[in-house]
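*Asks:* Protein sequences appear in the order of chains X and V. Going by my numbering, the residue at position 91 of the first sequence is 92; the numbering climbs one at a time, nothing skipped. Going by my numbering, the residue at position 123 of the second sequence is 220; the numbering climbs one at a time, nothing skipped.
Possibly wrong hints are sitting among the right ones.
Claimed, not checked - Once the Cα atoms are required to be at most 20 Å apart in a straight line, the calculated EDC-like pairs of lysine to aspartate or glutamate come out as: (1) X:K56 / V:D191; (2) X:K56 / V:D167; (3) V:K127 / V:D167.
To be verified - If you want a taste of the chain V side facing chain X, the calculated C-beta under 8 Å gives, among others: (4) R176; (5) Q177; (6) D186; (7) H200; (8) M201; (9) P208; (10) R215; (11) D253; (12) L285; (13) E347; (14) V350.
As the list claims (entries may be wrong) - Every beta carbon over 12 Å from chain X, so not counted as near; a handful from chain V, in silico: (15) R109; (16) H178; (17) R271; (18) G349.
No lab work stands behind these hints: they were computed from the structure. Computed from a predicted structure; not experimentally measured. Note that the Cβ used here is the ideal one computed from N, Cα and C, for glycine as well.
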Amino acid sequence: MTANDRTAVEGASNIYDLGYRRYDGVRLGRWWAVLALYRESLRGAFGLGRSTAAKVAPLVLIGIALVPALIQLAVGALVPADLEIIRASEYYGGIKYILALYCGVVAPDIAGRDQRNRSLTLYFTRAISRTDYALGKLAAMTTAMLLITLVPQVLLFAGNALSTQDFGGYLADEWTQVAPIFGSALVGSLLIASIGVAIAALTPQRAFATAGIIVAFILPIIVAGILVFEIDADATRYAVFISPLDVLDGFTAWMFGEPAATDTAVHEAGFALWAYAVVGLAVSALASLLLIRRYGTVQA
Amino acid sequence: MPTLETPIFETRGLSKRYGVVDALDRLDIKVEPGVVGLVGANGAGKSTLIKILLGLIAPTAGSATVLGHDVRTRGTDLRQHVGYMPEHDCLPLDMNATEFVAHMAQISGLPRAASRERAAETLRHAGLFEERYRAMSGYSTGMRQRAKLAQALVHDPALVFLDEPTNGLDPAGRDEMLDLIDRTGRGLGISIVMATHLLGEIERVCDQLIVIDAGRLLHHGSLAAFTAATETLEVEVTSDAGPLARRLEEHGVACTADGRRVLVTTDGTPPFDVIRDAVVDLGLGLVRMQQHRRTLEDLFRVEAIAAAASLDAPDGATGQEAS
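Next up, chain V with everything else stripped away, as it sits in the complex (with noise of 0.2 Å):
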């Protein structure tokens, strides 16, 4: 199977329409191993990229790899590889864990005695002991997502896409959920695809991040690249920061505006005399002028603003495109 070398998935032109909604349009991706996590909103395709990848449904267009195996014509090979904890429920709650795990664990191709062995494993490493020979039913929710993430991994895939894996937990039951994710991405190599619209989630345990909107890709690089290397600079003004802002583009520097504050993106030294300068020509007072790292959320914060932006603008069509 995969190689190191090989993109745990590649899309190319990859599309999917339902009725006249784009969930996918013309996607092209190639990722490699690693803890990815794939965020967007609710609705921006991260559940119909997972779906296609795993041949649950079929692409309107395009074309989709996954550890190296085409997904429409390898389908049954490749799965043998790859597990996936869905973001609904998905037990049979009068199945004891432990029989339903081996049991899922045969499907993935496992022969009988190795699936009990790997069932017990894998229940333990999931954090489930005693419990995993009772009925199902009993479960609280985060019990529930353990033998969910279980069935996913007793078959030791090379790669396992997660929907949600923290729905429904309360923040101790998220905090060992993540723990158990980065034990089982770092800790034993396997490739994790991780759908979430939480991004200190993907701060947490990811190294690569994806970043899907209306089904196109926004971004998609090394975690520690994005928020590293990109400095943001916070200033912030006695009133409306437009003015503030328009005056430092014709300065050549990048930044958006946002109520009384402006962003202003640097890769070096921010110019801080120019803002300096500016603020006194227009007369306003500086509150503060705050350097940090972008976060996760300022990705967000400026593609909203970009395309709130360009809806105002007379060409606003590319904006409700992108919205």
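One chain only, chain X, in its complex shape (with noise of 0.2 Å):
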């Protein structure tokens, strides 16, 4: 045997002892860990560093709700004419019912994921507390909300003065348009993500979470359409307040600072636009509050 070869029997008899290290660097606390759950939210939702299959979904809903904005972006390349297919006011209108989709797909993995793990005990033994991991979910989820809020919302407009002959001239005419698209977009996002996963954080079951979230969206647009459209009294027209896609619709309409689309509950229910805005807000606030208090007294 040679002294090589002896070297490395020896090596490989305490293996285990390689390694292990002191550490007496930096540590960053607590913002630093929260920021760290929110990043590692985010990517688990869209399924980086897991497998293909956690992937599609959420890539599937982002690329649906991209459509109308790419074929502003085709239409505009094509045609040269001032050919507005799509209005950024009325985009979420759009596609409301794909909105309520994506936040049932991806809020039961970003809020419930480690319930269904059981690593909740995990993070509440480290650097953050049960509000800072609330809070972090809850910015994981706006984010990705964002992303099919505002991404399209900022290719439609780009589209759309692209569709223009006068690229500068729709520019100057229209930049007003930038706030009301990011402010409705931040608060339609918060608002969304904030119902999702409050509703996502009461379940490790991923099943009941989607089930649960969707149905949160889709039965309020029903039941405040019968109420507002056929019974159409005083009392009932209130209802149009109990559903968020609709507070979705009605302050969007108020920052773009437009009358809502006809077709809408908004429009026949009849009341000011920024009543939709303080909604949209006391809601945000009202399931955030929910989330905290849930995360705040889960077993972990």
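Using the hints, build the complex out of the two chains.
*Replies:* Shown next, in the form of structure tokens:
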């Protein structure tokens, strides 16, 4: 046996002792930990660092949400006319059900995954508090929603600008749209995300969470539709506020300073549009508080 | 953070009540750094104590500090320096061990590059090599326990809580896990609190012992002092040993009867003459007298017998409380 062989064998005999060293470097504390939680939650929601199967559903839905914007871009490139197929202020009305479905797919991953794995314990025994955890998850879900609300809107804006003959002129005329585009995307994402994670955090079962979220968004649209359009009494008009996606329609119109589209429950109910902004923010706050309370008491 | 003199944890009047059950009952304890065995039957309050110290549940009454920090007010700060390996499954099986352990390091506050580096080092320390790049769903129970241990150590904690770390392991896996714990505690100087109901494991790796039963502290001290200083003389006779025990007690000898055996507790030379005379007087046959160091099992046997005896006594209330 050569000296080298002997070293190799000796190395192998206590191989477990290799590696571990004490760490006296910097510890970045609580906010860094929340940021890491946020990042990993977002990665997990899109299946990054997971199997291919986990990537399919969210990416397909984002793709579908992008279709109207892409069509607008294509039309703008091919048809030399001032043709604006979709206006930014009416965009969410068009992809309402996609928003609900996307939330139903992504939120159970962001808010329910650690409960399914029983790894909440590992988070709550580290540098974050339970409230930090809830806020990190809410931030991750809101960001995930922005991918399906803000990104297509920005593309749409660019598409509309390109479809006009006068790009610079379009920007000069339409720059006031930029703030509403960002504002409505932010508030809308927060509204849908907070409701989605508040429901998803209630159960470790993915299927229940998805079903619960879809029901929570779709059922109120139907109920509000019946009460506002069919019964159409003074008292029943208020039903429009129980539907988060109708509320989203309302405050989007308010932010763009335009009247609600004529075929919507918001238009039919006839309330001042700022009321939808108030309700939207109030519902987001309530859902966030319920989320914090849920993680504050959930057994870990 | 903590100096060598800082107790790893300290509790004052710590209580936790679930409905009518006292999971912890006014626990006062101060524990110095080292490898500490936390032992008690199932439901004795081990996990409750650990969960309170980690801030997972709030105590009903009393206070606790870990590494000198109050668990209620300084939880997030102190938990940067504490590790925890839960008893139950807690791994995201769709992730690989490297990604998962590095993520957990960041949740403990370590920068990204340091997290990756330490994840690799810690997994190697825990005995996971090439397999650390595979999804954990394909891991055996032993490998999962190693990954669980690695996530508890990755941020180089000053103190680690291990809750039943050998649960579900076969004898070989159990041996390896105990070796690993020994290397981590004695080799690296990380304080460890290990909850178990297996006394053999405590005797093998721990230098301190805490025994709790029904939420109360039965014993706390150095393991060496416990097993070495107290000696037990086992006296076996041909029939029921009860009368012999009573006779010995009349002579001021501390003992307990257990079937045909009397366990005599001594601090020095056992009173052989007294025992011999008592056996002869009672007309019993002496089968054997064997002197042995007290084992942890004896602690439980003596406590159980004492509890049973006080149940029989007219004022049985004390016994009921302790059982």
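*Asks:* State for each hint whether it applies.
*Replies:* Cross-check of the supplied hints:
{"no.": "1", "hint": "X:K56 / V:D191", "verdict": "13 Å, holds"}
{"no.": "2", "hint": "X:K56 / V:D167", "verdict": "43 Å, violated"}
{"no.": "3", "hint": "V:K127 / V:D167", "verdict": "14 Å, holds"}
{"no.": "4", "hint": "R176", "verdict": "5 Å, holds"}
{"no.": "5", "hint": "Q177", "verdict": "5 Å, holds"}
{"no.": "6", "hint": "D186", "verdict": "6 Å, holds"}
{"no.": "7", "hint": "H200", "verdict": "5 Å, holds"}
{"no.": "8", "hint": "M201", "verdict": "6 Å, holds"}
{"no.": "9", "hint": "P208", "verdict": "6 Å, holds"}
{"no.": "10", "hint": "R215", "verdict": "6 Å, holds"}
{"no.": "11", "hint": "D253", "verdict": "4 Å, holds"}
{"no.": "12", "hint": "L285", "verdict": "6 Å, holds"}
{"no.": "13", "hint": "E347", "verdict": "54 Å, violated"}
{"no.": "14", "hint": "V350", "verdict": "49 Å, violated"}
{"no.": "15", "hint": "R109", "verdict": "22 Å, holds"}
{"no.": "16", "hint": "H178", "verdict": "8 Å, violated"}
{"no.": "17", "hint": "R271", "verdict": "16 Å, holds"}
{"no.": "18", "hint": "G349", "verdict": "50 Å, holds"}
Consistency note: the structure conflicts with the earlier hints numbered 2, 13, 14 and 16.
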